[in-house]
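Build the complex from these two chains, which are given one at a time in their own frames, with help from the hints.
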Amino acid sequence: GAVVSQHPSRVICKSGTSVKIECRSLDFQATTMFWYRQFPKKSLMLMATSNEGSKATYEQGVEKDKFLINHASLTLSTLTVTSAHPEDSSFYICSASTQGSGANVLTFGAGSRLTVL
Amino acid sequence: GQNIDQPTEMTATEGAIVQINCTYQTSGFNGLFWYQQHAGEAPTFLSYNVLDGLEEKGRFSSFLSRSKGYSYLLLKELQMKDSASYLCAVRNYGQNFVFGPGTRLSVLP
Numbered sequence: 021g022a023v024v025s026q027h028p029s030r031v032i033c034k035s036g037t038s039v040k041i042e043c044r045s046l047d048f049q050a051t052t053m054f055w056y057r058q059f060p061k062k063s064l065m066l067m068a069t070s071n072e073g074s075k076a077t078y079e080q081g082v083e084k085d086k087f088l089i090n091h092a093s094l095t096l097s098t099l100t101v102t103s104a105h106p107e108d109s110s111f112y113i114c115s116a117s118t119q120g121s122g123a124n125v126l127t128f129g130a131g132s133r134l135t136v137l
Numbered sequence: 007g008q009n010i011d012q013p014t015e016m017t018a019t020e021g022a023i024v025q026i027n028c029t030y031q032t033s034g035f036n037g038l039f040w041y042q043q044h045a046g047e048a049p050t051f052l053s054y055n056v057l058d059g060l061e062e063k064g065r066f067s068s069f070l071s072r073s074k075g076y077s078y079l080l081l082k083e084l085q086m087k088d089s090a091s092y093l094c095a096v097r098n099y100g101q102n103f104v105f106g107p108g109t110r111l112s113v114l115p
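From first to last, the protein sequence lines stand for chains A and B. Be aware that the first sequence starts at 21, since it is given in the numbering used here, and climbs by one per residue. Be aware that the second sequence starts at 7, since it is given in the numbering used here, and climbs by one per residue.
Misleading hints may appear alongside valid ones.
Said to hold, decoys possible - DEER-style ranges, computed between Cβ atoms:
no., chain 1, residue 1, chain 2, residue 2, range
1, A, Val23, B, Glu20, 26 to 34 Å
2, B, Glu47, A, Phe48, 17 to 25 Å
3, A, Lys86, B, Ala45, 26 to 34 Å
4, A, Lys62, B, Asn98, 16 to 24 Å
5, B, Gln25, A, Thr51, 16 to 24 Å
6, A, Val23, B, Ala45, 20 to 28 Å
7, B, Glu83, A, Lys61, 20 to 28 Å
8, B, Thr29, A, Pro28, 17 to 25 Å
Because the hints were derived from the structure by calculation, they are not lab data. Quick caveat: nothing in here was measured; it's all calculated off a predicted structure. Think of the CB as a built atom: it goes at the ideal place given N, C-alpha and C, for glycine as much as any other residue.
Extracted from the complex, chain B is given alone in its bound form (with noise of 0.2 Å):
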């Protein structure tokens, strides 16, 4: 089976750092992938891993672990435009994606 888990929601401030967190289990790995979605619209790219370790870019990073199956996406000086959902997906070795439920978070002023 396929299973993708994510916190459902979380509150940071302005200014902050926040840590979505997502542990997966599927039927195959060939990279994680993060998106933000605002409410209404379509998901944006963030990030991708393939390999362990922390990939930045800019005020994003994202870490994988492979044999813990296990991602989080990390958010620095966060601004209120960053309120929006995140979701963490892994796209198995058929080149499908799939999705996780999505993180939602707010930012506080």
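So that you can see chain A by itself, here it is in the shape it has in the complex (with noise of 0.2 Å):
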């Protein structure tokens, strides 16, 4: 089945500085990739919509110079968040859509898990 590899799985970063996420799509082609955010024991917020070749859609109150969404390649998006803080600590899911079960579903990355000191 479709893969997303997430990268890397736990990073943690002094505040002030910028931490990059990667999200790839492997052996399949992503036009449109989704980043979560989760908090501990809560549900997953959707941050942005990336789009292949053009700007991300952001969700409303998602600082979009905060979280910038690069998705350069039909294969790879990449999340950075700049001048960390620790409030950004959280967990950040990339996921793409793919075919399963004959419907287009959710396939989601592994995760990267925040720490900002």
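Below, the structure written as structure tokens:
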């Protein structure tokens, strides 16, 4: 089946630095990828929709200058958390729409746990 | 507005059957999905309903009633490894997925 690879799985950084998270579609092309954020014991919150070759579409309340998304190829989308602060600490998950059980389903990457000190 | 409700937590015994309910009110409807998420891991796809009725996949079944805005996930012959969060998600006409708060299921021996 379709696989979405996400890296790094865990990252710890100092406040004020930037962190880049990569999301790759393996063996398939993803013109659209989705970035979610998840707080402990909470559900997934869509941050933005990443579109290959064009600007990402951000959800209301998500700072586009804070969370930079680049989708330069059909197999790679990146999320950069700029000038990270402790409140940015969270679990970030990317996903792509794939075919499963006769429908378009979301296939998720393994997630990246960010801790900002 | 969009709203999806699920019970926050449920507990069941190994070998038993458990039903996790989901009610939704969304701006559009193009399918209802159930995902399983173990702690610290990404969600994995379980089942999908777009028409009313029951879909069965082994120990897992999912039911949908579009007129009532209601779905449930039925887990049979519970195993310890089924302890996880179960997320109900609705895909709207914009192809976006809206996720419910998730139900944390604890399976006890």
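Hint-by-hint comparison with the structure:
no.: 1; hint: A/Val23 with B/Glu20: 26 to 34 Å; result: holds, 31 Å
no.: 2; hint: B/Glu47 with A/Phe48: 17 to 25 Å; result: holds, 21 Å
no.: 3; hint: A/Lys86 with B/Ala45: 26 to 34 Å; result: holds, 27 Å
no.: 4; hint: A/Lys62 with B/Asn98: 16 to 24 Å; result: holds, 21 Å
no.: 5; hint: B/Gln25 with A/Thr51: 16 to 24 Å; result: violated, 37 Å
no.: 6; hint: A/Val23 with B/Ala45: 20 to 28 Å; result: holds, 21 Å
no.: 7; hint: B/Glu83 with A/Lys61: 20 to 28 Å; result: holds, 27 Å
no.: 8; hint: B/Thr29 with A/Pro28: 17 to 25 Å; result: violated, 37 Å
When held up to the earlier numbered hints, the structure conflicts with 5, 8 and fits the remainder.
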